[in-house]
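The listed protein sequences correspond, in order, to chains A, B and C. Counting along the first sequence from 1, when you hit position 140 you're at 140 in the working numbering, and nothing is skipped either side. Counting along the second sequence from 1, when you hit position 234 you're at 1234 in the working numbering, and nothing is skipped either side. Counting along the third sequence from 1, when you hit position 218 you're at 2218 in the working numbering, and nothing is skipped either side.
Hint data in this document are derived by calculation from the structure and do not stem from the laboratory. Heads up, a few of these hints could be off.
To spell it out: a stretch of chain A is covered by chain C in this simulated footprint if at least three of its residues, at any positions, have a beta carbon under 8 Å from a beta carbon of chain C; those stretches are [said to hold, decoys possible]:
1. 71-78
2. 408-419
Here are the computed lysine-lysine pairs in the DSSO-like style, where the Cα-Cα straight-line distance is at most 30 Å [stated by the list, open to error]:
3. A:K129 to A:K318
4. A:K314 to A:K118
5. A:K97 to A:K129
6. A:K274 to A:K50
7. A:K214 to A:K282
8. A:K357 to A:K368
9. A:K234 to A:K223
10. A:K43 to A:K235
11. B:K1050 to C:K2141
12. A:K151 to A:K223
13. A:K312 to A:K327
14. A:K175 to A:K327
15. A:K175 to A:K235
16. A:K151 to A:K357
17. A:K214 to C:K2141
18. A:K282 to B:K1050
19. A:K357 to A:K327
20. C:K2141 to B:K1113
21. A:K274 to B:K1113
22. A:K43 to A:K275
23. A:K129 to A:K151
24. B:K1113 to A:K275
25. C:K2141 to A:K275
26. A:K274 to C:K2141
27. A:K235 to C:K2141
28. A:K155 to A:K368
29. A:K43 to A:K312
30. A:K43 to B:K1113
31. A:K275 to A:K175
32. A:K214 to A:K97
33. A:K171 to A:K155
34. A:K274 to A:K318
35. C:K2141 to A:K234
In this text the structure is predicted, and so the values were computed from the model without any measurement. From the three backbone atoms N, C-alpha and C, an ideal C-beta is built for every residue, glycine too.
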Amino acid sequence: MKQSHLRLAFAAMAGLLAAGTAHADITLTIATVNNGDMVVMQKLSPEFEKQHPDIHLRWVVLEENVLRQRVTTDIATHAGQFDIVTVGNYEVPIWAKQNWLEPIDNLPASYDLNDLLKPVRDGLTYQDKLYGLPFYAESAMTYYRTDLFEKAGLKMPEQPTYAQIREFADKVTDKNNQIYGICLRGKPGWGENMAYVTTLVHTFGGQWFDMSWKPKIDSPEWKQAVAYYSDILKKDGPPGATSNGFNENLALFASGHCGMWIDATVAAGLLYDKKQSQVADKVGFAALPTGDFTGGPTWLWSWNLSISASSKQKDAAKTFITWATSKDYIRLVAKENGWVAVPPGTRQSTYENPEYKKVAPFAGFVEKAIETANPNGSTREPRPYHGGQFVDIPEFQGIGTQVGQTIAGTLTGQTTVDQALRAAQSATERVMRQAGYMK
Amino acid sequence: MKQSLAQRVLIAVLGWGVALVLFFPIFWMVLTSFKTEGAAIATPPELFFKPTLASYAEVQERANYVLFALNSVVISVGGTLLALAFAIPAAYAMAFHPTHRTRGTLLWMLSTKMLPPVGVLVPIYLMFRTLGLLDTRTGLIAIYALMNLPIVVWMLFTFFKEVPHDILEAGRMDGARVWGEVWFLLLPLTLPGVASTGLLSLILCWNEAFWSLNLTSSGAAPLTTFIASFSSPEGLFFAKLSAASTIAVAPILIFGWLSQRQLVRGLTFGAVK
Amino acid sequence: MASASSSTAVAERAARETIVGSRTPSMLPLMAPSVIVLLLWMIVPLVMTLWFSFEYYNLLNPATTGFAGLDNYRYLVTDPDFWASLINTLVLVGSVLVITVVLGTLLAVLYDQPFPGRGVARLLAVAPFFVMPTVSALIWKNLMMHPIYGIIGFLTRVVGLAPVDWFAEYPMLSVIIIVSWEWLPFALLILLTAVQSLDHEQREAARMDGAGPIAQFFFITLPHLRRAISVVIMIETIFLLTVFAEIFVTTAGGPGNATTNLAFLIYARALLQFDVGGASAGGVVAIVLANVVAFFLVRSIAQRLEV
């Protein structure tokens, strides 16, 4: 029985191999993340292949963490498996410094480099050279249920403070009916819960490291921020908060379980879409809440297409990424899937477009959030690093995830806030010393 | 053995109860794959709903299932055959011509399998890069064979030991040389055992998710990579994930069910008697 | 009874050794290629790992180079989570072994009894072993154990209890449940075949002597299963020591370090930062741990293994 199966398998394989040998001139291998916008880009790639018949595209689509590990391993060992890599504004400056990415210049005038939103563009520039083209950017904002607020007689101001948020959450929570006043990221990870907590810490006046790279996790500002976070989630948050990342909270809000949600601006389009959200007509928007310190770095994340320095097809790669982040591409997406589905956050022209503003009433909020994200700005005390919701050093992935774990422990009551912060502080000091930042 | 009716009912209830409980998560996954994303996260979970193939359509649109499945088949079968090719002579040597070092070597081989792949990712990646094996089926076949070699050798060793010496002695007297001994005498005798070892190796190769993710990109990627692209995207994904998982698991599940008898027979023959 | 079989075993072994003596020289050229390739394949990654463990080598920071001596090891062993990870590894391996072997034995006896539809029931019970660990973990995390969307949560709500947040309140137990679910079919399969090969005449004889089902189980079935149980334990231990995918997908080692085993610790401390030296040191430590475990295992079941 096994023998005949084997023979069949070999025959099938031989047949398929013979069939698929029609050869392409250039094949680009693109590593990308599995979010909605990239899925759309993959679907629209035949358009590109039509315009450039000598370029074929091969897609490697992976979940974010796996993608990052896979691509970093490849790029750092100069293995050249990928021509185009999808990276965040966290990786771009770090990799540019190592000369792992190809600088992008001589873009056609029609590309209109100045149309890119400034904070996004700055995040991809290293020593005055551009190393990535953004196809998606986000900041953060507050979402809330207009009907629940009305029922509780509350009004959400355009710029709420965290004190107000706590008030609202307490009033809106109705655990017996599975309504939770506030949903926040609790899943441990440098890009999950720590993205939010970092933003919180910044607006409470804190920071990750002082100018001599000593971690400041045991500072009073951190304690205030983490205590606030832990208290509000314990009292008004959903169960299983430590398993909830962006996706899970999106599902919770879209299925009607959250009163408020503070998270990435990209959720706005999804929550507003009647096909994916049960509360599409009951969603309200407000700016990211503030603490004591305003005007500091908040939240900016962009997914960008960059060219690997070990690619053997850099010109073709540049052609593709220019196409994929151009105004034409955005218009193409609008034509195929409607303006509500265009990749947000990258170009001013998108936000000035009346068609877009019609289907995305939250557009103004999102643009303002990105413009004021200030990722390179200063925290209350001077800081040696950049980033709104992350720290732009390579060690941050490990540190952020480790600290994220200890903070998640406060939500389950495993540790107190003090214990968690002390453990996080000493763990981070260890890493910084081993990596050579601290003496 | 005569049993009372009550006993028989109890046994049937327990037997089926356990089976259903163990199978339930798989059943639920397959069920969810036929729901829309909205229905997949409905609370309370729906048992009866209007089934749709939308998730399967979306999954197929996004990733070419056939390519991944084909890679999985080629790599699993190749890895198994390669492992067997090297293991059979080695197990033969250890079973029929043991030295005082045999036991130590065997145990040392098993212990090397306990090296966590995360610890050795970068050296292997560098090696593969140098040898030009990245994103090739050959590379994966080689590393899977290496991974499974200790277990395959050990299982074959225990099967071979069960073969009575007089049969092989008789063959030797008849003038059979070593290879003849192995091919015409030993293997037919132990075929069920070899087959079940091969089946175990096949399952392990099919489900291996670390090397297959890290050493392939677009050409040689098997089904485990296919799953990785659905595992935690933005937006709702339970139904699509279930659909992708169902078609990724189905081939090996069906194959395993069909050859279960073989596996049982093989194991009965040898190590576990 | 015991002495008779052992003396024949001794005689057999003596006979084998003489054959060995007369055949070994001509064996070597034949066996050598495969054994050499075997050893080579195993040695090369090991040597590379050992080499890197003594170097400073960080992929993201090519500036860090140089001989590290034992520094990578020191850094790993002084990690506050190191001992916790060792304990977690042993707890995970031990618990899953106990659950799968005990339940596997009981279920093997159960499935040995005839009942209508036994073949189909057995197929269903065996299915979890064929599912990818990543997929298993995703199913359990999202469709079963999730306090809001999961089936278990639904059932507890139906009964009127508050749903349990499995991965937050009982993280280690949750991981143990998932891994046991994956491996129970394997144990069941192997133990079932062993039970089925049990001589029925022996059982009949015991029953005639007045032994009840419980006594039969302990004095006839169980001793017969010893070899099979040791096979199950050996193979499962090998895989359980390096469980990674399930933890990565569900708890990511937490909360805190509650589910961080050694493999995951290596990932979180070294791989995430692309500290190749550190990861290699972790790999070597894992092998040492595995050898220690194997030593104790072999000591307790070696005689039954008859290597």
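Would the hint linking A:K43 and A:K275 be met if the CA-CA limit is 30 Å? Given pair A:K43, A:K275 holds - Cα atoms ~19 Å apart, limit 30 Å.
Does A:K275 pair with A:K175 here, judged by a C-alpha cut-off of 30 Å? holds (27 Å)
Take the C-alpha atoms of A:K314 and A:K118, compute the straight-line distance between them, and say whether it is at most 30 Å. holds (26 Å)
Hint check: A:K274 vs A:K50, CA-CA at most 30 Å. Holds or violated? violated (33 Å)
A:K357 and A:K368: Cα distance at most 30 Å? holds (14 Å)
Does B:K1113 lie within 30 Å of A:K274 when you go C-alpha to C-alpha? violated (51 Å)
Take the C-alpha atoms of A:K234 and A:K223, compute the straight-line distance between them, and say whether it is at most 30 Å. With Cα atoms ~16 Å apart, A:K234 and A:K223 stay inside 30 Å; holds.
Do the alpha carbons of C:K2141 and A:K275 lie within 30 Å of each other, as the hint requires? holds (25 Å)
Hint consistency between A:K151 and A:K357 [alpha-carbon to alpha-carbon, up to 30 Å]: Holds, because 29 Å separates the two Cα atoms, which is no more than 30 Å.
For the pair supplied as a hint, A:K155 and A:K368, is the alpha-carbon distance within the 30 Å limit? Holds: A:K155 and A:K368 sit about 21 Å apart, inside 30 Å.
Mind checking the alpha carbons of A:K129 and A:K318 for me, to see if they're no more than 30 Å apart? holds (15 Å)
Examine the segment 71-78 of chain A: at least three residues should have C-beta closer than 8 Å to a C-beta of chain C. With 4 residues close enough to chain C, the hint holds.
When each numbered hint is compared with the structure, violations occur for hints 6, 7, 10, 12, 14, 17, 21, 23, 24, 30 and 34.
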